[in-house]
Amino acid sequence: MTEPPHLLYCHCAHARVVPPEVKTEVLRQLCASGASFEAVADLCALAARQDPLLRRLAAGGPLKIAACYPRAVRWLFAAGQAALSEARTEVLNMRVQPAPAVVAAMLDPRLHPNLAAMDNPKPGRDSHGTGPAPMTS
Amino acid sequence: MSVAGQLTPRVVLYEGAGTAPWAAAARFELLERLLARGYSVSRATGPGGVPLAQGHGEWVMGQCEQDAPPGCRDVRGWDAARVVGMIDAEHAARAGAAPEDWTPWFPVIDEARCTNCMQCLGFCLFGVFGLDAQHRIRVESPENCKTQCPACSRVCPEAAIIFPQYPRSPINGDDVEASHAAREAIKVDISALLGGDVYRVLRERSARGKTRFSAEQDADKALEERRKCLAQMAAAADIPPEVLMSLPSPAEIRRRAEEARARAEAARKGGD
Ligand code: SF4
Ligand code: SF4
Numbered sequence: 001m002t003e004p005p006h007l008l009y010c011h012c013a014h015a016r017v018v019p020p021e022v023k024t025e026v027l028r029q030l031c032a033s034g035a036s037f038e039a040v041a042d043l044c045a046l047a048a049r050q051d052p053l054l055r056r057l058a059a060g061g062p063l064k065i066a067a068c069y070p071r072a073v074r075w076l077f078a079a080g081q082a083a084l085s086e087a088r089t090e091v092l093n094m095r096v097q098p099a100p101a102v103v104a105a106m107l108d109p110r111l112h113p114n115l116a117a118m119d120n121p122k123p124g125r126d127s128h129g130t131g132p133a134p135m136t137s
Numbered sequence: 138m139s140v141a142g143q144l145t146p147r148v149v150l151y152e153g154a155g156t157a158p159w160a161a162a163a164r165f166e167l168l169e170r171l172l173a174r175g176y177s178v179s180r181a182t183g184p185g186g187v188p189l190a191q192g193h194g195e196w197v198m199g200q201c202e203q204d205a206p207p208g209c210r211d212v213r214g215w216d217a218a219r220v221v222g223m224i225d226a227e228h229a230a231r232a233g234a235a236p237e238d239w240t241p242w243f244p245v246i247d248e249a250r251c252t253n254c255m256q257c258l259g260f261c262l263f264g265v266f267g268l269d270a271q272h273r274i275r276v277e278s279p280e281n282c283k284t285q286c287p288a289c290s291r292v293c294p295e296a297a298i299i300f301p302q303y304p305r306s307p308i309n310g311d312d313v314e315a316s317h318a319a320r321e322a323i324k325v326d327i328s329a330l331l332g333g334d335v336y337r338v339l340r341e342r343s344a345r346g347k348t349r350f351s352a353e354q355d356a357d358k359a360l361e362e363r364r365k366c367l368a369q370m371a372a373a374a375d376i377p378p379e380v381l382m383s384l385p386s387p388a389e390i391r392r393r394a395e396e397a398r399a400r401a402e403a404a405r406k407g408g409d
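So the protein sequences, as listed, match chains E and Y.
Taken in order, the first sequence gives residues 1 to 137; the numbers are from my numbering.
Taken in order, the second sequence gives residues 138 to 409; the numbers are from my numbering.
Okay, chain E solo, but in the shape it has when bound (with noise of 0.2 angstroms):
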């Protein structure tokens, strides 16, 4: 049988930049289904502090995410030093999906993994110093 899916839901506390009726609708619709999950006052601040709650999230298997766009979400687990795994992630973006179709994804047992699309790979990131000069002069 497939594992399901790990839950994590983003309140978005200090920005504020999903809409209060979406993340509310949100977060009332998990707390009255039956299953598990993870919220989190603000995924940002978590990232900021290298939680290591998002390691654990990260490491422990197929992950579903409300929060906001998938690249940012997908790069504060970086900078929380938490990778996602591109196969095993789905991340609904509430600051654009209305609260019904992201708690269908949520609740929803199939994982839609939607992290790899977006990449865009550059040369210069491990093989340094290509850019041009910095504008300070």
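Some clues are possibly wrong.
Stated by the list, open to error - Partner residues are not named here, just some residues of chain E that face chain Y (Cβ under 7 angstroms, in silico): (1) H11; (2) A15; (3) R28; (4) S36; (5) D42; (6) A45; (7) R49; (8) D51.
Claimed, not checked - Using C-beta positions, here's what the derived DEER-type ranges look like: (9) E:A59 with Y:Q271: 18 to 24 angstroms; (10) E:R56 with Y:N281: 24 to 30 angstroms; (11) E:Q97 with Y:G222: 34 to 40 angstroms; (12) Y:P206 with E:T2: 35 to 41 angstroms; (13) E:E21 with Y:R305: 16 to 22 angstroms.
Claimed, not checked - Quick look at which bits of chain Y chain E covers, simulated, 3 or more residues with Cβ under 8 angstroms: (14) 173-181; (15) 245-254; (16) 307-314.
Simulated from the structure, these hints should not be mistaken for laboratory data.
We treat Cβ as the ideally placed atom computed from N, Cα and C, and that holds for glycine.
Chain E is fixed; fit chain Y with the ligands onto it per the hints.
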């Protein structure tokens, strides 16, 4: 003080074997209150749910019945306010602080786009960026970043700097390709207005102002000149005026800019 390594306190609402589940509305109220106070919360419904003790700043609680697991604190009959009050009090006693006292505004690097050009390292006057052991750019001191200031994302030639809490694409993490045209427009506007370097413009304007006004001894006019320049930059690069107004003196800006440039230069050489 660095925020890295500071642990976010976590509350586990245990609803597995040996406990009675909360009513949905009560569970929601409890979670909302805890999240508003900055705690992380796990709802654990039993086997396959969230493991219990993680070994740091943690409370495990449930509506316990006779065979509840050891270590699960019984909060049967408690309302949400009482539970949160108890956790706040215990957390303050342990850590001596409220759980959240920093606004998490800082750049996040999209490593798939970053070419390690070091522009951001050479640009930021506040020491936010640094290098890892492999000489790759990284965000070293997120807490040094100026809240609401997205300036470094505007100098990154690859749109590789994300501020997840920024209102607009692609700086907010939205797909870059979809908004590429808008990004280019931003670059053009900035370079047209500022020659690509807000700090250099600031220094030059300040220096010009200084020469002119030191003769005139007119501090008010000098300040007015600086304000005008800052307002222009704030509008062009979306930099909050209060951030620009709180910049150090022109001499100090020059010193920091040189330092940042030297770091970037050294990093480029180190990577060769
Ligand atoms: S990860 Fe996104 S949703 Fe969560 S706090 Fe940061 S900006 Fe808000
Ligand atoms: S300016 Fe952009 S591409 Fe260059 S090192 Fe910084 S994040 Fe990477």
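Now the hints, each set against the structure:
1. Proximity of H11 (chain E) to chain Y holds as hinted, the smallest CB-CB distance being about 4 angstroms (cut-off 7 angstroms).
2. For A15 (chain E), the interface hint holds, the least distance from its beta-carbon to any beta-carbon of chain Y being 3 angstroms, beneath 7 angstroms.
3. Interface restraint check for R28 (chain E): the shortest CB-CB distance to chain Y comes to about 5 angstroms, inside 7 angstroms, so the restraint holds.
4. Because the smallest distance between the Cβ of S36 (chain E) and any Cβ of chain Y comes to about 4 angstroms, under 7 angstroms, the interface hint for this residue holds.
5. Interface restraint check for D42 (chain E): the shortest CB-CB distance to chain Y comes to about 6 angstroms, inside 7 angstroms, so the restraint holds.
6. The closest approach between the C-beta of A45 (chain E) and any C-beta of chain Y is roughly 4 angstroms, which is under the 7 angstroms cut-off, so the hint is satisfied.
7. For the restraint placing R49 (chain E) at the interface with chain Y, the shortest Cβ-Cβ distance is roughly 5 angstroms, inside the 7 angstroms limit, so the hint holds.
8. At its closest, the beta carbon of D51 (chain E) sits 5 angstroms from a beta carbon of chain Y; the interface hint therefore holds under the 7 angstroms criterion.
9. In this structure the supplied range 18 to 24 angstroms holds for A59 (chain E) paired with Q271 (chain Y), their Cβ-Cβ distance being about 22 angstroms.
10. In this structure, R56 (chain E) and N281 (chain Y) meet the distance hint of 24 to 30 angstroms, their C-beta atoms being roughly 28 angstroms apart.
11. The given range of 34 to 40 angstroms is respected by Q97 (chain E) and G222 (chain Y), whose C-beta atoms sit roughly 35 angstroms from each other.
12. Evaluation of the 35 to 41 angstroms hint for P206 (chain Y) and T2 (chain E) yields a failure: the beta carbon distance comes to about 27 angstroms.
13. Separation of E21 (chain E) from R305 (chain Y) is about 21 angstroms and conforms to the stated range, judged on CB atoms against 16 to 22 angstroms.
14. Residues of the stretch 173-181 of chain Y lying with their CB closer than 8 angstroms to a CB of chain E number 9, which satisfies the three-residue condition for coverage.
15. Coverage of the stretch 245-254 of chain Y by chain E holds [criterion: at least 3 residues with CB-CB distance below 8 angstroms; count 10].
16. Restraint check on the stretch 307-314 of chain Y versus chain E: 6 residues with Cβ-Cβ distances below 8 angstroms, three needed, restraint holds.
Violated hints amount to a single one, hint 12; each of the other numbered hints is respected by the structure.
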